[in-house]
Every structure is written in C-alpha cells, then in structure tokens.
Amino acid sequence: MTSTASPPIVLVSGDEELLVTRAVAQAIEAARAADPGADVREYEAGALSPGEVAEMVSPSLFGGRRLLVVRNGQDAKKDLAAALLAYAKNPDPDVTLVVTHPGAAKGKAFADGLRAAGATVVPAAKLKGQRERVSFVRDEIRRNGGKCTDDAAEALLAAVGNDLRELAAACSQLIADTDGRIGADTVARYYRGRAEVSGFTVADAAMVGDVPGALEALRWALHVGVDPVPIADALADGVRTVARVASAGRGNAYQLASSLGMPAWKIERAQRQSRGWSPEGLVDAMRAAAECNAEVKGGSDDRGYALERAIFAVAAARQGAGAGQRGSGAR
Amino acid sequence: MSPVFADLVGQDEAVDVLRHAAAAAAHIIDGSPGQGMTHAWIFTGPPGSGRSVAARAFAAALQCATGVGCGDCHGCHTTLTGTHADVRFVVPEGLSIGVGEMRALVLRAASAPSGGRWQVLVIEDADRLTEAAGNALLKAIEEPPPRTVFLLCTPSTHPDDISVTIRSRCRVIPLRQPPASAIASVLASRDGVSPDVAQWVASAAQGHVGRARRLARDPEARKRREAVLAVPRRLTGVGACFDAASALIEAAEAEAEAAVAETDATERAALETALGAGGTGRGAASAVRGAAGQLKDLERRQKSRATRAQRDSLDRALVDLAGFYRDVLTLKMRAPVAVVHADTEQLASAAAEKWTPESTLRRLEAVLACRDAIEANVKPRIAVEAMMLSLWRG
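Protein chains in written order, with our numbering: chain A, 17 to 347; chain B, 42 to 435.
Because the hints were derived from the structure by calculation, they are not lab data.
Keep in mind the model is a prediction, meaning the values are calculated, not measured.
A virtual CB, placed ideally from N, CA and C, is assigned to each residue, including glycine.
There could be a bad hint or two in this list.
[To be verified] In silico SDA-like pairs for lysine to any residue, Cα to Cα no more than 25 Å straight-line: (1) B/Lys395 x B/Thr371; (2) A/Lys313 x B/Asp166; (3) A/Lys142 x A/Glu58; (4) A/Lys313 x B/Glu406; (5) A/Lys313 x B/Thr348.
[What the hints assert, rightly or not] Counterexamples of contact, computed for chain B against chain A with all Cβ distances above 12 Å: (6) Asp71; (7) Leu121; (8) Pro133; (9) Ala145; (10) Ala173; (11) Glu184; (12) His199; (13) Pro200; (14) Pro215; (15) Gly233; (16) Asp237; (17) Glu267; (18) Glu296; (19) Val380; (20) Lys395.
Same shape as in the complex, but just chain A (with noise of 0.2 Å):
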C-alpha cells in the first residue's frame, strides 16, 4: 500500500490559479493512481478546526491512501497551523497533505513551517515577463505533444493576452487542429488581432518614428476598448519622457533614475527612443501632444482621427528637425 511515488507533504506556493488547480489535480491523480479508491478531502484553511485534522490523519481502521487538500493556507488560524505543523514534523505514510499557499506574507510562518519539515514545495506564481510567458506557451504545447517555435508562441500571445487559462485552452485547441507542429503561420490561421494594446504600445512606436506601427497599435487599442484619453496620456508621456531623459544627458540609467525620478528600465528605453530627437522636434512634438489632449476631451468631433493626426505630427516633427542628421544624434 505504502507508494513513495507521491511525496507526504506538498506546499503549492504562488497566486496564480491554473498553476494551483494544476498542482492540485496532480497530487489528486497520482493517490488515485496508487490507490483507485483513496479518500479525496478538500477544505478550505480559514474553517477547518485542528479537530477535524487529527481525525483525518489518524490511522484508519481500513487502511488506504488519503489525500488532504486544505486550500487558502493562509487563512489558517494559529491553533490549526499548529496542528499541522505537528503532522508535518511526523506524517503519516499513507497520508498526503497539500496545502495552498499564495505566497504573500499573510501567513508566511505556516508556509515556512512546511518548507522546514520537508514540504515538497510547487511553485505557482504569476508569470512575470514575456520570456516566462513564451516558455509556458511552449512547455504547453510540449506536455499535450506537440512542438512550437518561439515566435508561434510570441504570436499566440500577442493574439490571446496574458490569461495563462485561456492561453492554456489557446493550445491546446491548436493542438487538436492541427498536426502538433506549430509555427507562426499556423497561430496566424487560427488567431488575429491584438489582445492587449495600451497607449504605451502606440507611444512607443511613435516616439521611434514607426508610423505605420503606431497606427496599427493605435487601430488595435480602439477596437478593443482602450479610451482615447489615456492613449493621448500614453503619447504626451512619451514626448515627456524622451525630452527629459535626453536633455539630462548620457549617463547610468541607475544613476539617472533618482534625479529624473523615473525606474531605470523607463530611462534605457527613453535612452534608446531618444535617437533622431532634436530639442526642436521635442518642442512640435509636445505642442502635438497638448493638442491631441483637448481634442480627445471633446475639442474634435472624432477623437480616433485626432489621435492619428497627433501620431503623424509626433512622426514628422521627429523627421523635421532630424533628417540629414540621422546616425549624427540628437542636434
């Protein structure tokens, strides 16, 4: 009866829910596998009284495998964390504990205490970043069996959006579509359009000079909902950005971050954009931005062809005053 296969004690840590449900079928499934008929009880940290937790894993009169899911471990109050914490220093073979976690401070004792008395710990936390994202894409489409390129899985999230479920169902409905060799054509048959375009998106592509981008971004915001304000916000903000990192100078990006009062990270792409800036392009450029602002709250009767006006007229003033100097810098 007794199977090392599954581990006593598993803490799932993280805030990201498809991860945990995951986590948790897994552990499910693997003490259905060694037993078909193990006990499955599931409850909820914040009303479980430490009574109930020493009936469950107190040797049974039938034996068999029993699987103890307590969700929200942070909700735990202090004499039901006790109570596990005692198990967990001594568990029972037979007996799997999984706990849930999100992994914030709330709580982080009991969490701790797990980890200590030899928890097996599954990450679960949010994806940060797009090279995360790109990867779940691709472990994705690998555990259903298929195989994906990057820029298939850049696509497909650029298509869906950062929702890890929906990306989840994004795959695997690839996956029963096609042969399972997915490449960036195959994403572009099935998925089009833009999930997530913010104003930042069209003020980035303006600032660079990259008309037919930003519109493109600018189209995309529109049709899915984005107000026409914050995306003249988002512009405005960009000019300001480059005008006030260019004239500070070249410099460490960490260095400038305190003076400027902006994240390093928003200084190096300013840094970047900032080519091709002459101060004369900045001042057309600014003056644009202001205009686009009163036209979008109601001085033009259509905001979206303000916008678009506002994103030629960045475009030309960063022409204007750099052509023939491209490659020589600002000035």
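Got chain A; can you put chain B on it based on the hints?
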C-alpha cells in the same frame, strides 16, 4: 456717493445707473411709478473689476430702508453680510452650477419677498451655468414674479459665457477694468497700505482689485508671484522647461490644497456627525451603515472644488506670466504705457533687447493658448509643459 457702492472702484457710470435704478425701485414699493428699474440685470467685466461686488451692493440698495443704500440700516447690513432672508447668493464652488440646484433656486425666487421689498437672486459666475440650468433660469426670467430681481455676473455677454436668450431679457451693466491709480488710492485710503506699495501691487494685479489686496497683504502670494516671474529666466533648455512646468503645477496644487483642506475636513466631520458617526449605544452602528454613499458624494463635490481651486491658482500664475511678456513687448515697441510688473522691468528690458517682437508675441500667444487649453480640460501638466517649451523656443 452712497456708502454701499463705495467698494466699486473706478466704476462711476455703472454706479450712477444702479443708484438711479435703486431709487426707482424704492418708488415702485411706495406705489408711485418709478423709471429705470427692471427685473433682470447682468454685470459684465474683466475678472477683479467687481462684478459680484456690484451685484451685492445693488442688492443691498434694493433692500435698503431709505432706498439709496445707506449701508447702516438693517436691510443693507444683512444683505452685505449675506444673511438677508430675501437675498440668495449662488456662489459656485465647483466647476458648474447644475440644473437641480437651479430649479430649487428658481422655485424659491418665485415666492413673495418676506421683508416686503424685493426677492433677490444673485448668481455669481453665471458663466458656470450648465445649459440645462440656464434654461431653467430662463423660464423664470421670461415670466418674472412682480417683486423678484435676478442679478447675474459673467465675464462678458459672449454666447460662450451666457446664452443669448438670457442675455436678451436682461439689462447689461458693463464694468470696466479699474485703472491702477484708482485701485492704489483705495488700497492706500481704505486698507492702510503704504502708497508706494499700493502703487506697484495695483499695477501688478492688472486691474484685479482683490488680487491687488491679496498681494499687498499676503507675503505667500507675493512669493508665488515672484516664483512665476522667475520662470522666463530659468528656461535654459528642454529639461529646464519640464522642471519649471512641474514646479508651477506643484505650487498650484499646494495652494489649492491649502485653500480647501480645512473646509474639506470640517465639512466631512459635520456630515459624519449628522449621519450619526461616533455615536454610542443601541442603533449607532446601523445608523452609520449606508452613509458611505453620501460621504462619497461629498468627496466628489470636494474634488470638483479642489480642481477648480487648482485651475484658478494656475490661471493667476499664467496671467502674471502673460503680463511679463506684455511688458517685454511694450518695452520693445517703446509703447507709451506703464509696465505691469514694475519689479521685473529690468529683466523685461533685457529680454526685449534679445528677442524679436514676433517671438515675444509668439510667447505671449503660448501663455494665452495654455489658459484656453486648461479651460478646455487638457491635463494642466501637459498644457503647461507644451507652453514652457514654446516659451523656451520662442
């Protein structure tokens, strides 16, 4: 001159008309036919010329027992302090006067005067009437009750300020920008300001009586003005423009915050007490429940007031700045008029040597465009930044 009209600085023609009308109004009450009184008046004039002062003084003269605005009788006194039962002042604190408020006021204005003279409704900043509120008021002005008088104050009779339908049913009293010498003499004689200080604050205030008084009395206001006038010298590059813009915005925010913080806290405390907060005993807790909505409503109104205070403060700064560029232009063209800011005359004449008249004019336009932009709800920071960059480039 009748004492209630003494606060109107340099407006002799307007005062004559109003005194005549007040006398006529007194005749009407006596039962004899009076000429020169009507039921609706609009006071127009630049900011600081005393539109609301004129309206208030006229209201006092209407309620005056002697009919001339003596300033001493019960009617005059209570009107000037804002406690007369038949005089209602509408002073918008927020950005606009809504239709709900206006309907209630119109209803009230339709009642007969309890004091037996006139029912008076004074709307300061009638340019802040929303369209619907203006229409509600129009109904009352079109068919006025016999003893009701409407006094409206707006910057001008331009359709942007007051609808033409209201304008056409009112008598207009245009007030002019009081000359600096008149302001200076009032400050010196009535507020006890020394004559030389009175002279320069009067010219720096550009015809705004209240602003001149504030500059003469409040050292904080003088400091803020000096900071604003230092801006043109500080614009040495693109980065400096953004620093100057954010300093200006922050100063405006701080001034607005200081102006409203205390009232906000008192109002909130009063409302909470009225709703039963802090009470003890049975039912006290349930009384406060459901009060969140009302508190939120109060916060919304307070926010509108804070926004307005911030815009007003920014507008004062921009007017000062515009005055500086006007000085540069007058010095450049050797125009035979006095400079606005006597204390920065040297700076202005140095600038006049350096800049062409065209670029000075462009700068002046940039300041005025910024005022318009803020009026049009552009984010103040963005508008001011664009202006500063234009000022730097010229």
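*So which of the earlier hints does this model not fit?*
none
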